[in-house]
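> Based on these hints, arrange chain B on the given structure of chain A.
Here is how the chains run, residue by residue.
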Amino acid sequence: EPEVTQTPSHQVTQMGQEVILRCVPISNHLYFYWYRQILGQKVEFLVSFYNNEISEKSEIFDDQFSVERPDGSNFTLKIRSTKLEDSAMYFCASSSQGGWETQYFGPGTRLLVL
Amino acid sequence: AQSVTQLGSHVSVSEGALVLLRCNYSSSVPPYLFWYVQYPNQGLQLLLKYTSAATLVKGINGFEAEFKKSETSFHLTKPSAHMSDAAEYFCAVSVSRDDKIIFGKGTRLHILP
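Residue numbers (this note's numbering), protein chains in the order written: chain A, 1 to 114; chain B, 1 to 113.
Extracted from the complex, chain A is given alone in its bound form (with noise of 0.2 Å):
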């Protein structure tokens, strides 16, 4: 069955340090989703990106975030100054179509900030 896939499944980085989430979402899915999930809290939505731009995107999603589809096939979240409240687990997800249309998680990347 296909699924969805994330590169590294933990990342410890410097506060202040740039990382970059991979991502490589079912093959044929057009929607792609950030969601992250600090330690004993809600799993939260970042992003959301179709056609190759933003189509809704959260407040935490800041200028410090951002996110691209550098080829056909992976999904990139970049933080480019991480602070230590960017400690969580982050997921990845991807639909065939928008709206209500099941979406498939990855197994997220942990990332903690030191």
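In silico lysine-lysine, DSBU-like type, Cα no more than 35 Å apart, as pairs:
| no. | chain 1 | residue 1 | chain 2 | residue 2 |
| --- | --- | --- | --- | --- |
| 1 | A | K42 | B | K68 |
| 2 | B | K58 | A | K42 |
| 3 | A | K57 | A | K42 |
| 4 | A | K57 | B | K105 |
| 5 | A | K57 | B | K58 |
Here are a few chain A residues that face chain B, going by a calculated C-beta distance under 8 Å:
| no. | residue |
| --- | --- |
| 6 | Y31 |
| 7 | V43 |
| 8 | E56 |
| 9 | F105 |
| 10 | P107 |
| 11 | G108 |
A partial selection of chain B residues facing chain A, derived with a Cβ cut-off under 10 Å:
| no. | residue |
| --- | --- |
| 12 | Q42 |
| 13 | L46 |
| 14 | K100 |
| 15 | I102 |
| 16 | G104 |
| 17 | G106 |
To be clear, the hints were calculated from the coordinates, so they are not data collected in a lab.
Just so you know, even glycine gets a beta-carbon here, dropped at the ideal spot from N, CA and C.
Frame of chain A; chain B shown alone:
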């Protein structure tokens, strides 16, 4: 704005007993509702979803949920718990004009032998 509230961050049931995980939603427009499950070290997997068709929705692994508009609830049930059901369960809501999903805080289900 939409939101979901999951009652109980931890629920323990005995193997073979009824599983009931509670979720209440808030939405100004007709919602789409979801239950996702997360097994240890895995991603979020869709259990079932309500999209304004039948109010009783059947999902995978014997789970089902009933949409009750009068109670703004979408509780998840399973008649007989199995050890393999131990996981974290997330209730979530979306609306047609937005494609983001709003998640609850999750309920960790423990199965007692």
